[in-house]
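Taken in order, these protein sequences are the chains called R and C.
Each residue of the first sequence is one higher than the one before, counting from 1 in our numbering.
Each residue of the second sequence is one higher than the one before, counting from 1 in our numbering.
Certain hints may be false.
[Claimed, not checked] Chain R regions said to be covered by chain C (calculated; three or more residues, Cβ under 8 Å): (1) 21-30; (2) 40-53; (3) 66-73; (4) 78-86; (5) 98-110.
[Said to hold, decoys possible] Stretches of chain C that chain R covers, calculated by requiring three or more beta carbons in the stretch to come under 8 Å of a beta carbon on chain R: (6) 44-52; (7) 66-79; (8) 88-101.
These are computed hints drawn from the structure, not numbers from a lab.
A quick note: this is a predicted structure, and the numbers were derived from the prediction, not measured.
Backbone N, C-alpha and C fix where the C-beta goes; we use that ideal spot for every residue, glycine too.
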Amino acid sequence: MQIDAYDREYMCSGHVGCAGCGATIAMRLFMKAMGEKTIMVLPACCWSVIAGPYPQSAMKIPVIHTAFETGGATASGVRAALDMKGDTETSVVTWAGDGGTFDIGFQSLSGAVERNEDFIYVCYDNEAYMNTGIQRSSSTPYGAWTTTTPGQDWKRLRKKNIVEVLVAHRIPYVATANIAFPEDLIRKAQKAKSIKGSKFLHIFASCPTGWRIPSEMSVKIARMAVQTNIFPLYEVEDGIHYTINHKPKEYLVREYFKLQGRFRHLTDKDLDQIQTMVDEDWGLLLKKAGERS
Amino acid sequence: MKRVLEGSHAVAEAVRLANVQVVSAYPITPQTHIVEIISDYCAKGKMNAKFIPVESEHSCLAALVGAQSAGVRTFTATSSQGLALMHEILHWVSAARLPIVMVDVNRALGPGWNIWTDQTDSLSQRDTGWIQLYCEDGQEVLDTTLQAFRLAERVNLPVMVVLDAFFLSHTYEPVDVPEQKEVDRFLPSYSPRFNLDTRNPYTLSPLVTPAFYMEMRHDMALAMDEAMTCFAEIEEEYAALFNRRYGSVEAVTCDDAEIILVTSGTITSTTRLLLEELRAKGEKVGLLKMKMFRPFPVEAVCRALGRAKKVAVIDRNFSFGAGGVFAQEIKAALYKLPVRPTVFGYIAGLGGRDVTTDILEEIYIKTRETDLPSQESIWIGLQEVKYAN
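So that you can see chain R by itself, here it is in the shape it has in the complex (with noise of 0.2 Å):
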């Protein structure tokens, strides 16, 4: 890790993230790995409103807004653009939110992924269209409620896991990280950006405006998410060599879905069901890595 990364700042004060907001502490950590040699793709997502209205700017490099679905390529178009005028020094990184990336911009990200285009994807994922007022999307977990999942109705599907979608389109890397965890986010960052082809970054970022959590329990929410294997934090180089980054106590889900009011719904019997599908899914990927618990 570059040693002045931390003191590094390429956000400005008086962005319009909400208080707590976690895709903004993101963004903060992610950029200090990256440096001023960035061009920013922003699809339609909480961030196109954080960044500020015109003519302000929360960013202090290159930005550029564009449509919904359109992360993976637009982000294709300025690499093309850098390679013809000869610039390699320059890294461009799609900026999107998860319903643009597990949802309407997924076909885009594919598509350039599949051409391995050289930039880096970064997914901050707060788990619902939360820029549009908490709708559910495929990255919203089962049990959550949502307002488009409300009362009775609350999401009885599982989470699509896209980090395995992209290790299947074998890019040479694709890593989770989490908001709540700067020294991995930034390293992870920082190896992403030294690697040539398409790389992918899953953030896990807390919303408390969605989550109905207090804005001061957000990093430790998050942080919660990785010690009950919720969101485990790991790495695959080539779609298949897979290193676990980070090995929990293994709290149980339990004492991380009582802390937040979408899942205040949900019985002892529920969680026990959500119990047994993270350790599932956490038994997969320790097989996945070779490893035992």
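Following the hints, position chain C against chain R.
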């Protein structure tokens, strides 16, 4: 040098000569010949450009948004369903003020599946802020594509060059292909007014509140108006070098004409034949070819049609609940005249049905023999169809 080229190849030659740097494309019949040749030129180094083989038309245009914003000249071609899929990004490109050039090969929209020519695909994009130029033959395709880059870059609006499926895209004709050094004099290398640059970082296309949005749209409106005058200037420059000009419209024997047929695309060539025949018989008939559709050449249309008694607009397209698109626009343009010709709207040749001189003559006679149109849109050549149960 004169070469015998398909309309599609004429496009590819123009793109090569224009020193385009990034091309993205997704295949759709009848656009494929254009992008196959460009792809081949990129692979063989005949063009110093990067070809991005995207996974959809939507991504195709989005990729060009990225490339053009990063400061290079770009191009793509599409058709029909592909253009419809791009619709969202068509708006994005024009409002982002990106001078992207695209060829649309006019093809019918499904269902039923139909790969043949029909203008409804491009005309239904009329409000997207793209300049639209319709071509009649292979030479015009090549010339217009080259001019399109100059025009787009001058006013920072995108240009759509439009040609008929098969009748033009797949038809071989002699085409004069200019030398690279001559083209370079007309179209210098691309110099963007703004682009993504880490040495001078700023944000493109951000959130815009009601405090600024309207002014930005008004700037686009002014640029679209300016495109009309710029096109004439660019055509003059082109004519000085290559001795060819087309005009936003072309009026043929309209000065003393009592009835004027209005056409676009390849139907124009067929109408020229009929015109000669009718004039030889002493009929006072004229032809107005519409090349430019956006911006709509209101002044030129009024000048050409103002003295006629009747105007017959032939539309190879249809806007349901309204009529033929060219007819609507021409009626609106003529409204400003104190005395106006009667406008007859004819629908012909949809989905690639041939529009022959016989059909055009039927249209002419119908117009001559009736004082007022029997209907808002008169569909020509409809058959009695018995549908299967």
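Each hint, compared with the structure:
Here's how the region 21-30 of chain R fares: 0 of its residues keep a CB closer than 8 Å to some CB of chain C, so the rule of at least three is not met and the hint is violated. A count of 6 residues in the region 40-53 of chain R with a Cβ less than 8 Å from any Cβ of chain C is obtained; the coverage claim is therefore met, three being the minimum. Beta-carbon proximity to chain C at under 8 Å applies to 6 residues in the region 66-73 of chain R; the threshold of 3 is reached and the given coverage holds. Given as covered by chain C, the region 78-86 of chain R passes the check, having 8 residues with a CB less than 8 Å from a CB of that chain where 3 are the minimum.
Three residues within the 8 Å Cβ limit are the bar, and the region 98-110 of chain R against chain C gives 3, so the coverage statement holds. For the region 44-52 of chain C, the assignment as covered by chain R holds, since 4 residues bring a beta-carbon within under 8 Å of that chain's beta-carbons and 3 suffice. Counting residues of the region 66-79 of chain C whose beta carbon lies closer than 8 Å to any beta carbon of chain R gives 8, which reaches the threshold of three, so the coverage claim holds. Interface restraint, the region 88-101 of chain C with chain R: holds (3 residues with C-beta to C-beta distance below 8 Å; minimum three).
Comparing the model with each numbered hint stated earlier shows that hint 1 is the single one that does not hold.
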